[in-house]
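*Asks:* Each chain is listed here by its residues.
2 protein chains.
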Amino acid sequence: MTQRWLQRFDEKDPIALAKLISAVENRLPGYQELLDALYARTGNAYRIGITGPPGAGKSSLVDRLVPLYRAEAKTVAVLACDPTSPFTGGALLGDRIRMQDLVTNDDGVFIRSMATRGSLGGLAKAAQEVALVLEAFGFDLILFETIGVGQVEIDIAQAADSVVVVLVPQSGDVIQAMKAGLMEIGDIFCINKADQGEADLFYKNLQTMLSLAMRDWIPPIVQTVATAHQGIEKLKEALEKHRIFLGEEGLRARRRERLRVFIKELIEDGLRVRLWDGEGLRDLESQLERVWGKIISPHQAVQELLQKRVR
Amino acid sequence: MTQRWLQRFDEKDPIALAKLISAVENRLPGYQELLDALYARTGNAYRIGITGPPGAGKSSLVDRLVPLYRAEAKTVAVLACDPTSPFTGGALLGDRIRMQDLVTNDDGVFIRSMATRGSLGGLAKAAQEVALVLEAFGFDLILFETIGVGQVEIDIAQAADSVVVVLVPQSGDVIQAMKAGLMEIGDIFCINKADQGEADLFYKNLQTMLSLAMRDWIPPIVQTVATAHQGIEKLKEALEKHRIFLGEEGLRARRRERLRVFIKELIEDGLRVRLWDGEGLRDLESQLERVWGKIISPHQAVQELLQKRVR
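These protein sequences, in sequence, are chains F and G.
Under the working numbering, the first residue of the first sequence carries the number 3, and numbering increases by one thereafter.
Under the working numbering, the first residue of the second sequence carries the number 3, and numbering increases by one thereafter.
It is possible that part of the hints are untrue.
For chains that are exact copies, the list does not tell them apart, and a pair is met inside one copy or across any two.
[What the hints assert, rightly or not] Subject to a maximum C-alpha distance of 25 Å in a straight line, what follows is the list of computed PhoX-like cross-link-like pairs (lysine-lysine):
#, residue 1, residue 2
1, Lys14, Lys296
2, Lys296, Lys127
3, Lys238, Lys206
4, Lys266, Lys310
5, Lys266, Lys127
6, Lys127, Lys310
7, Lys21, Lys127
8, Lys266, Lys296
9, Lys76, Lys21
10, Lys243, Lys76
11, Lys14, Lys76
12, Lys296, Lys310
Simulated from the structure, these hints should not be mistaken for lab results.
Given only the sequences and the hints, what does the whole structure look like? Please build it.
*Replies:* Set out below in structure tokens:
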């Protein structure tokens with residue numbers, strides 16, 4: 003990463019932004035130093051996580067929400083984290099292409115899709131790092147859009163200042179969402195496609211379940227029909243109310259906790275890199291030989307290796 | 003875990019088996035020593051992985067396959083690894099209950115469901131550990147049944163001697179399976195529900211794709227209708243052919259590689275435990291303080307912590 007790109011980044015060149023994000027996402031040489039250089043300028047964007055099961059209409063909601071923020075002259079970055087598996091959520095790419103068409107002439111909107119590629123754990127960390135670049139660029143808002151079917155996707159959405167869980171009114175879906183851990187992380191619940199299915203019953207069931215949680219903040223439920231532009235203003239209002247509820251102190255607590263999780267992940271990643279250097283791999287091979295020969299058990303081999311490397 | 007349970011385990015008491023598996027799955031105190039004690043007796047079961055997208059009929063296939071092995075007096079253990087998310091594959095539990103009814107009077111069959119609970123990474127390791135207990139008990143065959151939608155599920159299936167990828171004849175499904183990484187891991191492909199959809203076209207597409215892979219072993223394609231007991235013998239024959247293809251040497255190479263992956267995972271888990279002891283958590287807090295205050299970047303904090311702990 004040359005100094006020239008950093009300079010163009012400072013001059014708010016969107017091409018330089020895309021370039022820097024790619025460097026971070028692909029861990030190009032020097033990406034860590036780049037993040038170090040930008041770090042002092044981070045921390046000023048409001049982060050919104052939008053998650054829910056495949057087909058709930060998250061992309062459509064984001065498409066409708068962005069113009070409302072743009073109308074207030076706020077700059078918005080959207081980070082859409084695709085799930086590993088193509089068996090779920092195949093429509094995502096199509097939606098993104100549509101959306102990119104919509105906003106291509108507006109410098110105040112930036113959209114980026116991130117795929118998992120490789121280990122699942124990597125995506126949550128990479129999303130956080132890309133968000134730092136977006137913050138340093140100066141965006142007012144960052145929207146994380148993830149499909150809430152796996153722990154990692156939920157982690158990404160959860161690392162936001164406000165989390166919107168999007169559901170569709172289908173019987174049983176509330177219980178499914180609860181099992182997936184979505185009920186605990188939602189600050190706002192959005193019933194999208196509220197003109198379909200058993201919307202009223204669904205609303206009541208969801209309300210009952212949320213009232214049982216005994217939290218200081220009882221998550222409001224907003225009904226939307228994103229494709230018909232219905233309820234989007236209400237969703238935005240709910241987000242603003244949650245921000246007011248959090249206040250300066252609540253926001254700081256959330257962000258500090260997020261930073262703690264991020265640093266822990268960086269450490270575990272760094273550990274893996276350090277461990278599997280030349281010496282580590284040689285040790286692994288010689289221990290493998292002994293385990294294979296049933297001289298020691300896998301557990302015993304591991305204890306010996308750890309003893310040697312960890313202080 | 004008392005000595006008495008180990009003795010009953012040696013006497014082939016299925017209650018003792020279930021007890022020991024629970025101890026391993028739930029990481030009860032002493033479970034590592036238990037695995038150490040059993041380790042010398044492991045390694046004699048043939049492991050078959052069965053994976054594929056939700057709704058492909060994996061459970062039905064396993065239900066039909068097991069009696070064929072039982073007819074040859076082979077003992078069979080089934081390890082069904084449920085996915086994290088309830089949004090996919092809700093039928094699994096129902097199937098398992100049905101199957102358990104079927105075989106409850108046969109000591110030569112053992113069925114166990116494993117859920118993820120907690121971190122994703124944990125399931126692959128736990129499944130491997132439970133398989134060691136099943137091997138020590140003396141099962142001839144272990145069937146790993148997983149929904150191939152996430153990396154972890156694929157990892158579990160892949161840690162087998164022979165891997166069956168189950169698909170249904172739906173247009174586009176071949177490409178989806180390819181994207182999910184299923185095409186690379188399948189030793190045998192099974193088109194289940196072969197009486198539905200565009201079965202012939204699907205067969206041809208799959209065949210074309212598999213022939214492009216340039217492997218020594220071109221995976222055979224078996225067509226089944228599990229619910230109607232069709233093609234199950236053919237699937238079993240394909241599995242036997244693959245075993246013969248592998249031979250002693252090929253099998254040994256696969257198992258050694260599996261052991262390497264397993265030990266690596268144990269090491270990374272053990273590292274995490276060691277790292278986040280009292281001192282590690284205190285160090286994390288003090289570094290967090292400095293990062294929060296923008297004195298150092300997250301990356302710099304991580305480097306200092308690693309320097310201190312890893313040799």
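*Asks:* Each hint needs a verdict: does it hold in this structure or not?
*Replies:* Cross-check of the supplied hints:
1. Lys14 x Lys296: between (61 Å within a copy, 23 Å between copies)
2. Lys296 x Lys127: between (38 Å within a copy, 19 Å between copies)
3. Lys238 x Lys206: Within. Shortest intra-copy distance 22 Å satisfies the 25 Å Cα cut-off; inter-copy 50 Å does not.
4. Lys266 x Lys310: Classified as both: same-chain Cα gap 22 Å, cross-chain 15 Å, threshold 25 Å.
5. Lys266 x Lys127: both (10 Å within a copy, 21 Å between copies)
6. Lys127 x Lys310: between (28 Å within a copy, 22 Å between copies)
7. Lys21 x Lys127: Cα proximity of Lys21 and Lys127: one copy only (18 Å, versus 38 Å across).
8. Lys266 x Lys296: between (35 Å within a copy, 17 Å between copies)
9. Lys76 x Lys21: Answer is within; shortest intra-copy Cα gap is 23 Å, inter-copy 59 Å.
10. Lys243 x Lys76: within (17 Å within a copy, 64 Å between copies)
11. Lys14 x Lys76: Within one copy only: 15 Å inside a chain, 68 Å across chains, cut-off 25 Å.
12. Lys296 x Lys310: Intra 21 Å, inter 34 Å, cutoff 25 Å: intra-copy only.
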